[in-house]
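Q: Chains as they are written, first to last, in our numbering: chain G, 1 to 558; chain A, 559 to 657.
Please note that the accuracy of each hint is not assured.
Stated by the list, open to error - Below, computed lysine to any residue pairings styled on SDA-like, alpha-carbon distance capped at 25 Å: (1) A:Lys648 <-> G:Ile153; (2) A:Lys572 <-> G:Glu114; (3) G:Lys95 <-> A:Lys648; (4) A:Lys630 <-> A:Glu615; (5) G:Lys92 <-> A:Gln621; (6) A:Lys630 <-> G:Ser107; (7) A:Lys572 <-> A:Leu650; (8) G:Lys168 <-> G:Glu60; (9) G:Lys304 <-> G:Gln329; (10) A:Lys630 <-> G:Glu114; (11) G:Lys95 <-> G:Thr78; (12) G:Lys216 <-> G:Ala156; (13) G:Lys364 <-> G:Thr336; (14) A:Lys646 <-> G:Gln151.
What the hints assert, rightly or not - Chain A residues, not near chain G, derived (Cβ > 10 Å throughout): (15) Lys570; (16) Ser581; (17) Asp596; (18) Asn601; (19) Arg636; (20) Ile655.
Everything labelled a hint here was simulated from the structure, so no lab data went into it. Don't be surprised by glycine CBs; every beta carbon is placed ideally from N, CA and C.
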Amino acid sequence: MQEQSKSHSFIFPKTPTGVDGLDEITDGGFPKGRPTLICGGAGCGKTLLSMQFLIKGITEYNEPGVFMSFEEPSEDLTLNVKSLGFDLQKLKADKKLVVDYVRVERSEIEEAGEYDLDGLFIRLGHAIDSIKAKRVVLDTVESLFSGLDNQAILRAELRRLFHWLKTKGVTAIITGERGEATLTRQGLEEYVSDCVIVLDHRVIEQVSTRRLRIVKYRGSTHGTNEYPFLIDEDGISVLPITSLKLDNEVSSDIVPTGLPGLNDMFQGGGFFRGSNILISGTAGTAKTTLACYFANQQCQNNEKTIYFAFEESPQQLVRNMKSIGVDLQQHIDKGTLRIHSSRPSLNGLELHLLTLRKFIKEFKPTTIIIDPISNLITVGSEHEVRSMLVRLIDMLKANNITALFTSLNKQTDNFRPDLAEESVSSLVDTWITVRDMEGIGERNRGIFIVKSRGMGHSNQVREFIISNNGIELLDVELGPQGILTGAARQSHQFKKTMSDIKLQNEINRKDREIERKRKVLEANIEALKNEFESAEEELSILKATEELQEKLTSKKEK
Amino acid sequence: MDNSSDGTSTTKHKFMLFVSGMSVKSGHAIENLRRICDKYLANNYELEIIDISRDTEQAVIHQIVAIPTLIKTNPDPRRIILGDLSDKEKVLRILNIRE
Chain G
1 MQEQSKSHSF IFPKTPTGVD GLDEITDGGF PKGRPTLICG GAGCGKTLLS MQFLIKGITE
61 YNEPGVFMSF EEPSEDLTLN VKSLGFDLQK LKADKKLVVD YVRVERSEIE EAGEYDLDGL
121 FIRLGHAIDS IKAKRVVLDT VESLFSGLDN QAILRAELRR LFHWLKTKGV TAIITGERGE
181 ATLTRQGLEE YVSDCVIVLD HRVIEQVSTR RLRIVKYRGS THGTNEYPFL IDEDGISVLP
241 ITSLKLDNEV SSDIVPTGLP GLNDMFQGGG FFRGSNILIS GTAGTAKTTL ACYFANQQCQ
301 NNEKTIYFAF EESPQQLVRN MKSIGVDLQQ HIDKGTLRIH SSRPSLNGLE LHLLTLRKFI
361 KEFKPTTIII DPISNLITVG SEHEVRSMLV RLIDMLKANN ITALFTSLNK QTDNFRPDLA
421 EESVSSLVDT WITVRDMEGI GERNRGIFIV KSRGMGHSNQ VREFIISNNG IELLDVELGP
481 QGILTGAARQ SHQFKKTMSD IKLQNEINRK DREIERKRKV LEANIEALKN EFESAEEELS
541 ILKATEELQE KLTSKKEK
Chain A
559 MDNSSDGTST TKHKFMLFVS GMSVKSGHAI ENLRRICDKY LANNYELEII DISRDTEQAV
619 IHQIVAIPTL IKTNPDPRRI ILGDLSDKEK VLRILNIRE
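Only chain G is shown next, with the shape it has when bound in the complex (with noise of 0.2 Å):
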């Protein structure tokens, strides 16, 4: 708590860069009034990190620059920066940039005698006074050291240069070349040591990353890590850090997954809002299909939706989900749908996130397809992979966006799961793995669910098939041994029709036999009665002749 108060006391003043991402890291900017730093090799954007500092100091905070280049004619740099939508002549007949281009030719100079740069502080300092200005840059102020012999000269020179722009006031970058041992050629970080930023651009593997770190910061806290960044049309843009907690806010909505049967697996009845899902499975087994089964969903719910696909283009991912009835071109149209097609060896991973992170800015999405998130893995080993995963999985957390990825699997008989199943697995909510079932001469596709954090779910594997009409679950068939699939499944269903009809028709000859037993009973019945009754007519006729006779008999007597 103390330490809050006490840190909370003094803000240290900063310039905003206006450079997107570089103000989060040095938490607020470059040092104000104060010189900074900026090293790096040949081509990895130390002119065009300075120049967009000055430009977003004039567009945003109204704040006029100067640049002063000793590399580039004015001209030169106009027309380079032109293509990133800067126009620096408007700026210059506004008076809120003033260009200077100093030329040192070695060839030309000779030196007889003491002389110091009072030159170069003096045309610095007209160009100051004349727009007012709060930022200065000078690239490369090193280029002096190969015009000019006296460096014993030339170096306190530049120590009362920096000294000098200090007295200014003015928020100054120099750009230096980096060094063998040292961060710059020339040693300038023993002048300039407020704020010291190193850029760097290293190719792994064919691809090529730019990275920026924040070697020292007199004064305030900053990032320490080594930040990839990218530069494309809008300039220089750093990525995001990758946040530390885990307290981004939870929805308990829930967004319906587009496949009925596939909901009622869930007892929620579909995904949460803002949870991350993974739909893993071998080649063919229908993970675009499912991934655009739910983008469509979530489109016909107006929901904004972004789709990255790394395999296909939009007019064929568009075109093959026409032929199972999914209709994804009226949502393009509606302006809910945008799918972004690109090779994922088109840049390094980093570049792929910060895309993301463009997208995720300009089009606001809640909902992100990413098919398929392991084709990524060719760009990048696994430790990268996994990085970047759960650096991209924290940003869409704190947006809360659902996502859904999928993720292709190689064939194989081991149980154990493969790299971007291993990365992702533990980092996603739900898991949804498609798999191929094969036996018997066919291959069947079947759907479960491995994992669904906060919900429960079905333990079933369903089996579901495309058709024209798209894809449909099919009920459960439980049949000796388990859970039976397509031939299996018909074939049992014929064989139990079958054993339906035999046991009917032994029930009906049982019913019949019982008829007849019984007609035989009664038959039996009935002779019996009979000769009961001829016995006893019989009978009744030996009764009365010997009824007749004891009378007749008693009568003779008598």
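Guided by the hints, dock chain A onto chain G, whose structure is given.
A: For chain A alone, coordinates are given in the frame of chain G:
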């Protein structure tokens, strides 16, 4: 007039000397240059002294970084010398003036 070589005596030398205000080095440069010119070029030269602290535009136009800077515009080739011109031999050699 006296010892100057044939080439230099005929062509007129033109110099521009960039100084800044009343700095010590500027003063030295003006002094040194005057001395050299008076001795070797006599009246056959033209010297323009530009104070860039007043005339900043000139500094930008002529790409002035260091002070003092001497630019020889005539005769060809154009030469630029930085410094207070205290190294007389070197200056003469650069300007192609023989003693």
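Q: Evaluate each hint against the coordinates.
A: A quick look at each hint next to the structure:
1. A:Lys648 <-> G:Ile153: holds (19 Å)
2. A:Lys572 <-> G:Glu114: holds (22 Å)
3. G:Lys95 <-> A:Lys648: violated (44 Å)
4. A:Lys630 <-> A:Glu615: Distance of about 19 Å is within 25 Å: holds.
5. G:Lys92 <-> A:Gln621: holds (20 Å)
6. A:Lys630 <-> G:Ser107: holds (15 Å)
7. A:Lys572 <-> A:Leu650: It holds: about 15 Å lies between the C-alpha atoms, which stays within 25 Å.
8. G:Lys168 <-> G:Glu60: holds (22 Å)
9. G:Lys304 <-> G:Gln329: Satisfied, since the Cα-Cα distance of roughly 14 Å is no more than 25 Å.
10. A:Lys630 <-> G:Glu114: Given that 25 Å is the threshold and the Cα spacing comes to 18 Å, the pair holds.
11. G:Lys95 <-> G:Thr78: holds (15 Å)
12. G:Lys216 <-> G:Ala156: Holds, at roughly 23 Å.
13. G:Lys364 <-> G:Thr336: Status holds; Cα separation ~11 Å.
14. A:Lys646 <-> G:Gln151: Judged against 25 Å, a Cα distance of about 21 Å means the pair holds.
15. Lys570: holds (21 Å)
16. Ser581: Answer for Ser581 of chain A: violated, closest chain G Cβ roughly 7 Å.
17. Asp596: For Asp596 of chain A, whose nearest Cβ neighbour in chain G is about 18 Å away, the distance exceeds 10 Å, so it holds.
18. Asn601: It holds; Asn601 of chain A is separated from chain G by about 23 Å at its closest Cβ, greater than 10 Å.
19. Arg636: Its Cβ does come within 10 Å of chain G, the nearest being 7 Å, so this is violated.
20. Ile655: holds (13 Å)
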